[in-house]
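A.B. asks: Here is what each chain is made of, one letter per residue.
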Amino acid sequence: MEKIIEAMNVSYIYQTKYQKTKALSEVSCSFERGKVYAITGKSGSGKSTFLSLLAGLDVPTEGTLSIEGQDIRKMNRDAYRLNRASVIYQAFHLFPLLTVLENVMFPMELQHVPKKEAKARAQEYLKKVDLPETLYKKRPNMISGGEQQRVAIARAIASGGEILLADEPTGNLDSQNEKVIVELLCKLAHEDNYAVIVVTHNEAVAAAADVVYGMSDGVLSVVRE
Amino acid sequence: MYHYIITSIRRQKNRSILVIAVNCVLAILLNLYFGLTDSYRNQLTDLAANTPIKCTVTNPDGTMEVGIAVSSDILRGLQEAEQIRDLDCSAQMKAGFGEFAIEDWEAHLNLAVCAVNKSDSSVLPEEIGIRYLEGWDDMVFSGDAQVCVLAKSDMEKQGYTCGDEITLTLYYFFYDEKEELQYKELPPTSMQIVGEIDDSDPKAAMEYPNVLLPFQTAWNLVEENQAAFTADAVSFYVKDPLALNAFKEEMGQIGESGLFEVYKGDGAKFSHKGTALYVLDGIFITMADRLKTAIRILTSFVLPIGILVFIVGYVISHLLAAGRVKEFALFRSLGVHVIGAVWVLWGEQLALALLGNLSGGLAALLAGQQGWKEAAIACGVSLCGYMLGTTVALALLALEKPLALLTSE
Chain Y
611 MEKIIEAMNV SYIYQTKYQK TKALSEVSCS FERGKVYAIT GKSGSGKSTF LSLLAGLDVP
671 TEGTLSIEGQ DIRKMNRDAY RLNRASVIYQ AFHLFPLLTV LENVMFPMEL QHVPKKEAKA
731 RAQEYLKKVD LPETLYKKRP NMISGGEQQR VAIARAIASG GEILLADEPT GNLDSQNEKV
791 IVELLCKLAH EDNYAVIVVT HNEAVAAAAD VVYGMSDGVL SVVRE
Chain U
193 MYHYIITSIR RQKNRSILVI AVNCVLAILL NLYFGLTDSY RNQLTDLAAN TPIKCTVTNP
253 DGTMEVGIAV SSDILRGLQE AEQIRDLDCS AQMKAGFGEF AIEDWEAHLN LAVCAVNKSD
313 SSVLPEEIGI RYLEGWDDMV FSGDAQVCVL AKSDMEKQGY TCGDEITLTL YYFFYDEKEE
373 LQYKELPPTS MQIVGEIDDS DPKAAMEYPN VLLPFQTAWN LVEENQAAFT ADAVSFYVKD
433 PLALNAFKEE MGQIGESGLF EVYKGDGAKF SHKGTALYVL DGIFITMADR LKTAIRILTS
493 FVLPIGILVF IVGYVISHLL AAGRVKEFAL FRSLGVHVIG AVWVLWGEQL ALALLGNLSG
553 GLAALLAGQQ GWKEAAIACG VSLCGYMLGT TVALALLALE KPLALLTSE
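Residue numbers (our numbering), protein chains in the order written: chain Y, 611 to 835; chain U, 193 to 601.
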């Protein structure tokens with residue numbers, strides 16, 4: 611399998627006016643297309659910091675993080691998030707003012723996809739995540755948490771990237787919806803060849819992953835390969 | 193992103209209306225403020241136009257305004273002066289019809305002659321009526337033609353009619369070095385009668401002169417006969433009452449040693465020389481000072497008002513931005529550049545502030561508070577101050593790290 615992300619001795623230090631905190635310590639790992647990766651660990655272990663580096667929202671203090679061989683420091687990281695990597699959050703984070711359909715169309719609007727085409731594609735992605743058509747014109751606060759997370763996944767794949775980053779995607783869901791979302795993420799990896807990286811402390815989610823990493827005090831270790 | 197801004201404005205009606213209302217109120221307040229300042233400025237300008245400052249040349253101690261001797265140097269200086277208007281000069285002379293010997297003066301020298309440079313000269317009675325020969329009008333006095341205007345009764349006595357050519361023997365009076373009145377006989381002069389003074393009312397006629405001459409004609413006649421001409425009375429108005437300093441400076445440079453302020457102290461030496469200037473500027477200065485003080489006070493509030501508008505913009509945008517931090521972070525997470533993400537919130541505020549200022553400006557226009565230019569300036573200041581506050585509030589928001597606002601950790 612082709613490596614899409616590679617981290618080599620990645621460290622990250624939070625620096626405030628008064629102190630320095632090492633959130634990640636010499637993390638080395640790689641991620642391939644077509645697989646689901648789970649990064650587990652306690653709160654404050656550095657999982658989400660690592661995810662923010664993978665999403666290009668920040669850059670490593672030390673070490674190299676490369677996307678298909680290109681150093682993320684030298685990349686246009688906004689374009690990287692817009693076109694290649696999408697993040698799904700525990701709290702869904704849909705635009706409350708936009709309808710379900712408009713939320714999914716939004717990344718395509720940023721990519722200047724014509725409105726008609728964007729609408730057709732958004733409908734296609736919403737079908738892919740099994741969201742009933744009757745909900746398309748509703749606002750996020752009018753649908754359930756599981757439905758919101760499916761919309762968030764549809765929005766993530768709407769950008770057309772190949773990397774899906776998920777931060778506790780089932781954290782706010784009941785067990786039934788949790789199962790649906792996990793299956794959906796696995797399907798995207800195995801059938802549509804996405805590299806799915808999930809930060810979680812949920813054992814069921816970790817069990818469904820192809821590779822499991824553990825994170826403790828900023829140190830990454832392989833739990834299961 | 194424009195679509196998002198419009199959607200956000202439409203779907204958050206209460207928030208949008210609040211921002212529009214705040215901006216509308218700010219615009220109205222600034223229109224009131226600028227309107228008030230402009231009103232005072234206009235009053236000051238109107239005051240200058242409606243409260244003319246009259247100046248009169250007097251003798252040094254200010255006791256005489258008429259019957260003084262204003263030198264030709266001063267007269268020329270005043271004619272060329274840029275800071276004055278409506279110069280009013282006159283000179284009094286005596287005359288008799290035809291030629292006669294000085295010994296026969298009692299029988300012949302019975303015409304009171306007044307040389308003026310305008311028909312509404314302050315030395316002439318206001319109600320004096322003059323009928324002009326065809327082709328002539330009251331502009332005759334501003335020229336130097338060899339013409340005269342005669343009292344109707346004198347014309348009838350002599351059998352003259354308008355248009356006749358007559359001979360006048362003029363006597364010019366002046367004060368010598370010892371302040372004693374002297375006279376000089378001028379050679380008989382031929383003049384055309386170009387108008388008649390209506391002196392049919394004998395009571396009014398007592399104050400009328402018998403002969404009116406153009407001032408410059410009299411001046412020329414005296415100087416042609418090697419005598420130093422002096423005016424008998426001179427007055428004028430300050431051209432721009434708001435430029436009194438420039439006026440005073442110019443007056444100080446007129447003639448050989450300039451016109452000086454009237455000396456009212458005891459012991460001032462009496463003289464007939466017209467070298468002092470009495471300026472009636474007291475009322476104007478008092479009223480103008482009050483207006484200037486009001487304008488100064490209002491103007492001193494420009495900065496605090498600007499800061500106030502800025503603070504309103506900052507506080508409102510800060511409060512609104514606090515509720516939209518996750519929206520901003522989400523933009524960043526979806527790959528929108530930080531400037532683009534700020535622009536969405538900034539653009540929304542700009543659109544609402546514009547709407548608010550337009551409605552506030554329109555309200556001020558409809559209330560007749562302002563002209564459209566002044567309203568545009570007031571709204572521009574309001575908009576700039578508000579948006580500056582917004583920019584600072586959103587710039588601080590842009591410093592936030594997006595993932596920290598969105599992740600579970």
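None of these hints come from the bench; they were simulated from the model.
There's no promise every hint is true.
Derived coverage of chain Y by chain U (criterion: at least 3 residues anywhere in the stretch with Cβ under 8 Å from a Cβ of chain U; other residues may be distant) [stated by the list, open to error]:
1) 658 to 668
2) 681 to 690
3) 714 to 727
4) 784 to 793
Calculated cross-link-like contacts (lysine-lysine; reagent style DSS-like; alpha-carbon spacing at most 27 Å) [to be verified]:
5) U/395 x Y/632
6) Y/737 x Y/747
7) Y/652 x Y/684
8) Y/725 x U/593
Computed beta-carbon distance windows for the label pairs [as the list claims (entries may be wrong)]:
9) U/491 x Y/632: 54 to 60 Å
10) U/591 x Y/689: 20 to 26 Å
11) U/217 x Y/827: 21 to 27 Å
12) U/217 x Y/619: 45 to 51 Å
13) Y/628 x U/202: 43 to 49 Å
14) U/202 x Y/755: 55 to 61 Å
15) Y/738 x U/202: 27 to 33 Å
16) Y/625 x U/484: 53 to 59 Å
From the three backbone atoms N, C-alpha and C, an ideal C-beta is built for every residue, glycine too.
A.B. asks: Under the constraints set out in the numbered hints, which ones does this structure not fulfil?
C.D. replies: Those not satisfied are hints 4, 5, 7, 8, 11, 12, 14.
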